Amino acid sequence: MSWIAMTTGFILILIGLYGALTNRNILRIIVSFTIANTGVNLIIVAVGYMAARTAPILDEAVPIAEAVDRIIDPLPQALVLTAIVIGVGVTALMLTYAFKLYEVKGTLDISKCKELKW
Amino acid sequence: MIRKFFVLVLLLGLMVIFANLLFGYVMDKELNASAHYYAEHTANDLGAANIVTAIIVTYRGLDTLGEVTVLFLTASIIGLVLARSKKQKVAVLPRKSPSPGELLVTGSYLLVPLILLLGAYVFINGHLTPGGGFQGGAIIASASLLLLLTDPLRHFSHRLISRVESISGLFFVGLGVLGIFLAGGFLDNRLLPVGTFGSIFSAGIIPIVYSFIGLKVGAEFTSMLINLAETEKKEEQSK
Amino acid sequence: MSNILLGITSLLAISMIGVAIIAIRVRRPAIAILAAGMISLFASILFLFLAAPDVAMTEAAIGSGLTTFLFFFVLGRVRGDDHD
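Protein chains in written order, with numbering that gives the first Met the number 0: chain A, 0 to 117; chain B, 0 to 238; chain C, 0 to 83.
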């Protein structure tokens, strides 16, 4: 099952990168970055999965003494939690800059912003 | 046309690398060394039932401090970029916003306290069940989003939100520094006694730290949403 | 039982890839934003099947809720001018 999730994650990264490199409307570029972000998080969580084991929470289903044999790796989940929150922060920043760009230039098309080209 | 060709060549190269990674992956049979340590020692040393929470708050607390810093920077930059000068207020035309409908208004009176309660429950019980500060903060931000949808011209107090955020951050770092003097190190959670496993007052300072993180994250997301929504208000006033 | 889980997982995976292709090819930006929100929702269900309940809750609340709203706030401000 983690094999399916990893393949999906890799394909989402490729689709997101293709969308970010070929679109011209800035909002569609930001949407493509969000898709690639989701793909990366899927891959990291799928690496930590082990067959026939359960979530790393200790209660009546998984008593403390058997924890070593019955839970999966908890470290990738902690990393992905941080990554999701920072991802939404970066998306909010990108959207703010897109809004400012629209205010200053009046258009959302990046092929019309040519001041930095030589 | 040439640009699309180069893009396709780049993606083909990436696909080859990804295929190599995918076919060389072998699923683990036993926990590796660090996961083994976390699985064995969390319940006895820290008393937390949710191992992911214990990792985020105590074992890797410094990473969480960095993440909270990044979120604070993001909220501040958005507030800075979207701020306008106060001199742009010309004659205010009385503009009527479309009324949001009675279903939404009445429903929000019922729902907003319940959503706030759910958010507080999620981050207070972060060490026992799945959940924690970040999830609870996002739920609290969606309660303020419902208030914004009901009345788009509502006036939110920026000072209250920034005060909640600053005080929560200050207490988070203060508890960490207190851990240097009174317990094992920075952000060590044995400041308060570990307690019985599975009760709500267990696991030292993990529930307190996570509550402060939850309040801070909720206040930051709320200020992001309010800054984005207020751009229309000031636009209407300056036209 | 695990056959059902495998079947649902592959169904979710195929629909995620289909919705991603829609998100980068469609004309109106509003549909692309809704497609990105749907991908986050399906990813949250996949996280639950991969035995990660914390991550599933976070992705559902933040990825599928707050990000879509942020997008629609900004889209509402720049409407009426750029129809790419």
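Quick caveat, the hints were computed from the structure, so don't treat them as lab data. These numbers were taken from a predicted model, which means no experiment stands behind them. Each hint should be verified, as a subset may be incorrect.
[Claimed, not checked] In silico contact screen, one side only, chain B against chain A (beta carbon under 10 Å); selected entries:
#, residue
1, 26
2, 66
3, 115
4, 117
5, 119
6, 123
7, 127
8, 154
9, 195
Cβ atoms here follow ideal geometry from the backbone N, Cα and C, with glycine treated the same way.
Hints and how they fare:
no.: 1; hint: 26; verdict: 6 Å, holds
no.: 2; hint: 66; verdict: 5 Å, holds
no.: 3; hint: 115; verdict: 20 Å, violated
no.: 4; hint: 117; verdict: 19 Å, violated
no.: 5; hint: 119; verdict: 19 Å, violated
no.: 6; hint: 123; verdict: 16 Å, violated
no.: 7; hint: 127; verdict: 8 Å, holds
no.: 8; hint: 154; verdict: 21 Å, violated
no.: 9; hint: 195; verdict: 13 Å, violated
Consistency with the previously given hints fails for numbers 3, 4, 5, 6, 8, 9, ordered from lowest to highest.
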